[in-house]
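Asker: Using the sequences and the hints given, assemble the complete structure.
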Amino acid sequence: MIRSEILKEIAPILRDQLVVCNIGIPSQELHAIDDQPTNFYMLGTMGLASSIGLGLALAQPKTVIVIDGDGSILTNMGTLPTIANNVADNYILMIIDNGSYGSTGDQPTYTGKKTSLAGVAKACGCENVIECKDIDTGEVLQKAIDSKQMHVIVVKCDSGNAKMPVITMDPVVIRHRFMEAVKA
Amino acid sequence: MDIDKRICDDLIANDISFVTTVPCKQLAGVIAEIDTRPEVMHVPSNKEDEGMGLCAGAWMGGKRPAIIMQNTALGVTINTLATLIQFYRMPLPMIISYRGELREPVACQVEMAVHTKALLAQMHIPTYHFHWQKDVEEFDNILKYTFMSNKPVAILTDANFWGGYGDQ
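Chains F and A supply the protein sequences, listed in that same order. Just so we're aligned: the first sequence equals residues 1 to 184 in this note's numbering. Just so we're aligned: the second sequence equals residues 185 to 352 in this note's numbering.
The hints are simulated quantities; they were obtained by calculation from the structure and are not laboratory data. There may be inaccurate statements among the hints.
Unchecked claim - Computed footprint of chain A on chain F; a stretch qualifies when at least three of its residues, placed anywhere within it, have a C-beta under 8 Å from a C-beta of chain A:
#1 37-45
#2 53-61
#3 81-89
#4 166-176
Claimed, not checked - Straight-line alpha carbon distances no greater than 30 Å define the calculated DSS-like cross-link-like pairs of lysine-lysine that follow:
#5 F/K122 / F/K62
#6 A/K335 / F/K62
#7 F/K183 / A/K328
#8 F/K8 / F/K148
All values reported here derive from a predicted model rather than from experimental measurement. Glycine included, every Cβ here is placed at the ideal spot set by N, Cα and C.
Answerer: So this is what it looks like as structure tokens:
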């Protein structure tokens, strides 16, 4: 499965949750598949989805799901020790690990080679680190939500992107409606 | 005057309850003081752009944030300031140790100091420079201004403000 197929499958699970979505094609795909006020789309700033999500989870009690990518985590690897040492049990980091920089033309990342993000996360001290296959994403994610414990899920899947339109919504609108949904 | 206590008092008086830090020798006192304040959640970050991401999330979650960092890291935060904090219009007080200014003993620090105000000006970030201890009197107003305007605002605090490095 490629990322967009996974997102289509888990859209009903994501719909009721606060979601912080990674820059580029992941946000475009989620926006096209199931736009919700509870989705925060990153339009820039590669690497910070996991950090934004952690700040959000630490600041309020609702469950926060971050849809991140292997390339983004590699860009901001320092996020994993911060996540491990500031436990928010309403925080789920889901890394769609397709071993490539999808938004820039599917150039390979090191996670498709020797580097294991699940191994890195564990070494950083993260608990409840699960590496799963693409077809199991929904089940693993739902269990993580139900457990009410911080999770890091690494979803191993195929490289590839769906053709989706660029998000033209103004960033202040995205942010404002998201903040209203957080408060609701 | 204990400026570490004063800065923390002003943060709390302005309802700032989420602080991220990357340390600097000059900031050690204020960071230690923050850890004595139960009103403030302190989440140390490994890099300043990561810290700004944490602050953005905390703010959207209803907590007023602040970042405490060194000016040498300004370069790694430019993209984050432009495409996250400014693009989405988020408030962010940046309490920055201004290394490489008067009374600085380490020559290399000057290399980023000469670019610090130019970079902040290029980013159109309102910038204040604390050189004397009495300058801290402005801090409360600067925090109010930051959350009124929904912008990142820089407070540069040099070695003279912090009391220097002793005899050199």
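Asker: Each hint needs a verdict: does it hold in this structure or not?
Answerer: Results of checking the hints against the structure:
no. : hint            : verdict
1   : 37-45           : holds (count 5)
2   : 53-61           : holds (count 8)
3   : 81-89           : holds (count 3)
4   : 166-176         : holds (count 4)
5   : F/K122 / F/K62  : holds, 25 Å
6   : A/K335 / F/K62  : holds, 26 Å
7   : F/K183 / A/K328 : holds, 23 Å
8   : F/K8 / F/K148   : holds, 24 Å
Of the numbered hints stated above, none is contradicted by the structure.
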